[in-house]
Amino acid sequence: MEAPQVTVMPVTGGTINMMEYLLQGSVFDQALESLLHRLRGLCDNMEPETFTDHELVYLLKGQQGNPFILRARRSLSHPTSPWHLRYLGQPEVGDKSRHALVRNCVDVAASHSLPEFLNEMGFRMDHEFVANGHIFRKGAMKIVVSKLSRILVPGNTENTERLSLSFLVELSVLAPAGQDTMSEDMRSFAEQLKPLVHLEKIDPSKQSASFMGT
Amino acid sequence: MSGGPAVRVSIESTCEKQVQEVALDGTETYVPPLSMSQNLAKLAQRIDFSQGSDSEEDGIDGKPRDREWTKQEPEEEEGTVKFQPSLWPWDSVRNNLRSALTEMCVLHDVLSVVKEKKYMALDPVSQDPTAGKTPQVFQLISKKKSLGTAAQLLLKGAEKLSKSVAENMENRRQRDFNSELLRLRSQWKLRKVGDKILGDLSYRSAGSLFPHHGTFEVIKNTDLDLDKKLPEDYCPLDVQIPSDLEGSAYIKVSIQKQAPDIGDLGTVTLFRRPPKTKAGTQQWHVKLEAAQNVLLCKEIFAQLSREAVQIKSQIPHIVVKNQIISQPFPGLQLSISLCHSTGEKKNHRATPDKPKPDDHLYVLEHNLHQMMREFHKQQLSSVVMPHPASAPFGHKRMRLAGPMAYDKAEITSLQHNEGLLEKIIKQAKHIFLRSRTARTIDSLASRIEDPQIQAHWSNINDVFESSVKVLITSQGYEQICKSIQLQLNIGVEQIRVVHRDGRVVTLSHQEQELQDFLLSQMSQHQVHAVQQLAKVMGWHVLSFSNHVGLGPVESIGNASAVTVASPNGEYAISVRNGPESGCKVLVQFPRSQTKELPKSDVIQDAKWSHLRGPSKEVHWSKMEGRNFVYKMELLMAALTPCP
Chain A
1 MEAPQVTVMP VTGGTINMME YLLQGSVFDQ ALESLLHRLR GLCDNMEPET
51 FTDHELVYLL KGQQGNPFIL RARRSLSHPT SPWHLRYLGQ PEVGDKSRHA
101 LVRNCVDVAA SHSLPEFLNE MGFRMDHEFV ANGHIFRKGA MKIVVSKLSR
151 ILVPGNTENT ERLSLSFLVE LSVLAPAGQD TMSEDMRSFA EQLKPLVHLE
201 KIDPSKQSAS FMGT
Chain B
1 MSGGPAVRVS IESTCEKQVQ EVALDGTETY VPPLSMSQNL AKLAQRIDFS
51 QGSDSEEDGI DGKPRDREWT KQEPEEEEGT VKFQPSLWPW DSVRNNLRSA
101 LTEMCVLHDV LSVVKEKKYM ALDPVSQDPT AGKTPQVFQL ISKKKSLGTA
151 AQLLLKGAEK LSKSVAENME NRRQRDFNSE LLRLRSQWKL RKVGDKILGD
201 LSYRSAGSLF PHHGTFEVIK NTDLDLDKKL PEDYCPLDVQ IPSDLEGSAY
251 IKVSIQKQAP DIGDLGTVTL FRRPPKTKAG TQQWHVKLEA AQNVLLCKEI
301 FAQLSREAVQ IKSQIPHIVV KNQIISQPFP GLQLSISLCH STGEKKNHRA
351 TPDKPKPDDH LYVLEHNLHQ MMREFHKQQL SSVVMPHPAS APFGHKRMRL
401 AGPMAYDKAE ITSLQHNEGL LEKIIKQAKH IFLRSRTART IDSLASRIED
451 PQIQAHWSNI NDVFESSVKV LITSQGYEQI CKSIQLQLNI GVEQIRVVHR
501 DGRVVTLSHQ EQELQDFLLS QMSQHQVHAV QQLAKVMGWH VLSFSNHVGL
551 GPVESIGNAS AVTVASPNGE YAISVRNGPE SGCKVLVQFP RSQTKELPKS
601 DVIQDAKWSH LRGPSKEVHW SKMEGRNFVY KMELLMAALT PCP
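If you read the protein sequences in the order shown, they are chains A and B.
If you use the UniProt record's numbering, the first sequence closes out at 214, no skipped numbers anywhere.
If you use the UniProt record's numbering, the second sequence closes out at 643, no skipped numbers anywhere.
It is worth saying that the hints were derived from the structure and are not from the lab.
Among the hints, erroneous ones may be present.
Here are some, though not all, of the chain A residues that point toward chain B, as calculated from beta-carbon distances under 8 Å [what the hints assert, rightly or not]:
| id | residue |
| --- | --- |
| 1 | H37 |
| 2 | R38 |
| 3 | R40 |
| 4 | D44 |
| 5 | N45 |
| 6 | E47 |
| 7 | L70 |
| 8 | F129 |
| 9 | K142 |
| 10 | S149 |
| 11 | R150 |
| 12 | V153 |
| 13 | P154 |
| 14 | G155 |
Here the structure is a predicted model, which is why all the values come from computation and not from measurement.
Note that CB positions come from ideal geometry on N, CA and C, so glycine has one too.
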């Protein structure tokens, strides 16, 4: 009995072709209250949502130079929610006039056995951190204000130490490939936040290897 | 110096000590006066020892030098003196007073000399005689000029005054504009783009996904012609709404009998007058609210028409221009239309000659609005927010689909499978069914007097379910004959009847079914009533059947029958009641009372004549009594002989 034929065509549809548009900025701790007030006024009218997440970054070192990076994230405030596995590609070097950072993004929900699975597949955990803060929404745009903390003892999420005295602000939109209309809306929204926080596109490859490049 | 008594001038310093500081509670701190040694040291500092011993001995010489020096420098001396310091700090004062005294003395001398009029005389200044002879033309010109100057001054002043008044008015109007703007901002979302003020009247921040931008512009209305009188409803702020949202709109939902032709579809016009604006509300508020309502109606209609086209149903929905037509029940037509009038042309032709009955179901229109807003709210619910935060937006349960390996059936059950149109059709069906049930019960109640039918509608209903309790009673015997109590639960397409004895019957939406059912229950009631009455009267129930198989077949339900016997057993009453055939009452007499007794040799004992014999029918319609049970009671009473 023959094994069924395996197609070698790659998967092209569905979630594979989503692009993430990203703008980042930061505020000091003292300015957080005013930023949250402003976001509450500008964004959709919902109860403010806080989150506490634990992210692990896995690397797969191949023979070539660049390792393959996967990010596994779980919610500490909602322990029953599934894990979230994310792959972020290289930022697209399109026209310079595009206002936001665009990169390929694959999001997959996974069960709670994800870390073991990744270990079995050959990935090794590079670093982990805890992020907590607030999340806002305006239409399709997601605004995340988070404080990152380093985990002192691997695996222990209680014992954390703050990495900096500021909060990271990220404005992101997930859209199918080819739709470029979102960057204008993102830019006008970033304009409205102008004096409090400057959101701009920060190329992670141009930074030295650090925790901050999300 | 002329004679006269010496004038005594006394001078004293105002304060001995200088105030250094005044504390917060008012106490003053004085500079402590210099002690003797400090004073001496201060004076010694001022001595220039390089001058030699001349300056110390000769005080007189010092004076002219002093006077010289005072001419060059200001009168007050500071500590930077190189020459001998002045011996007397009041020197300048003395000099000034002396010169003043001199002047006064001179004046006094002159006046006294003038008074004598011998050596000096006062003489007025003589007028120039030629001055009076100026020609009148010059006088005129000069007067004109002076008047002109005065007039110019006055005009300038008046101009300034009027300018300031106008400025005040302008300021006030600006302030009015600003205060109006503040009021506008407290109710609507505004933002500044360049030098324009734009606002947002759409529901997008409340969760709507309708692609209309909903932007309005705020216009300043402050440059007015001051001469014209201000109109009564003047407002310094005006709003400009998008052109497709002008006017007013509403969604008309109505149920009619199916129209024989479909020629006039899509021609529903607005004939409801817009409500009068409340006094005190601003014009811009009314405008913005109307525009927002139009936007919401458009969104609702767009959603309904999208669903009407996409959703497959047994009888397809028709979407024509601004009307959606569907068939909830056969022979019935539900029409949902968007009536939008821009209010520009007054279409008198549209108003019909005779007023059409207002079959607009306001409840369903209100429900449409509510369902739309609920849909908006669902978009904003925190169920959509991702935990962990990096996950994309989406329903919480759908995120579990992957890890929990849901199959297609489970996923479809998670999706919202009922759209707005289906919900509103269900609600319309229920409303129609309920009103038709009520009409059926009412028509039966008015048509049939015996037995009586009562309906108690429950106050608390659902959009898809209502309930009514139907009681069938006989007048005057409510406590005795209460065995028929029906609970009707009116659903979307069916009516479920729960009987008092536990039977559950499901009726369809046909009107005739309910009517037949109620008629059969009424006929059963009569028979039950006889049964209950027999217990009260002491008669014995010999047999009872809800559905007898004898006699003519009824087309509606079944006939029921009961046989009761008198207490002493002599008489028996048999009743057969059917919904169609009416009631038939037979009375069985004892054999001794019958006229024709078949003579036979079999019966020998006389006691057998007390047994019940043949039966005779009662002319029920000729019986006395207002209703069946009353007649029955009378009959029973008549057949029970008093002891």
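| task | Hold the hint about D44 (chain A) up to the distance rule: shortest CB distance to chain B must be less than 8 Å. | result | 6 Å, holds
| message | Given F129 (chain A) as an interface hint, is its Cβ closer than 8 Å to any Cβ of chain B? | response | Check failed: Cβ of F129 (chain A) comes no nearer than 12 Å to chain B, outside 8 Å.
| Regarding the hint that H37 (chain A) lies at the interface with chain B, is the smallest CB-CB distance below 8 Å? | 15 Å, violated
| message | Less than 8 Å between beta-carbons is the criterion; does K142 (chain A) satisfy it with respect to chain B? | response | 7 Å, holds
| message | Less than 8 Å between beta-carbons is the criterion; does G155 (chain A) satisfy it with respect to chain B? | response | Violated: closest Cβ of chain B sits about 17 Å from G155 (chain A), beyond 8 Å.
| message | Tell me if the interface restraint on L70 (chain A) is satisfied: Cβ within less than 8 Å of some Cβ in chain B. | response | 12 Å, violated
| field | Hint check: 8 Å Cβ-Cβ cutoff, R38 (chain A) to chain B | value | 12 Å, violated
| query | Does the interface hint hold: is S149 (chain A) within less than 8 Å of chain B, judged Cβ to Cβ? | reply | 14 Å, violated
| query | Taking 8 Å as the limit, does the beta-carbon of R40 (chain A) come near enough to a beta-carbon in chain B? | reply | 11 Å, violated
| query | Should the hint that P154 (chain A) touches chain B count as held when the rule is a Cβ pair under 8 Å? | reply | 19 Å, violated
| Minimum Cβ distance from R150 (chain A) to chain B below 8 Å? | 18 Å, violated
| query | Does the CB of V153 (chain A) sit less than 8 Å away from some CB of chain B? | reply | 21 Å, violated
The structure shown violates the earlier hints numbered 1, 2, 3, 7, 8, 10, 11, 12, 13 and 14.
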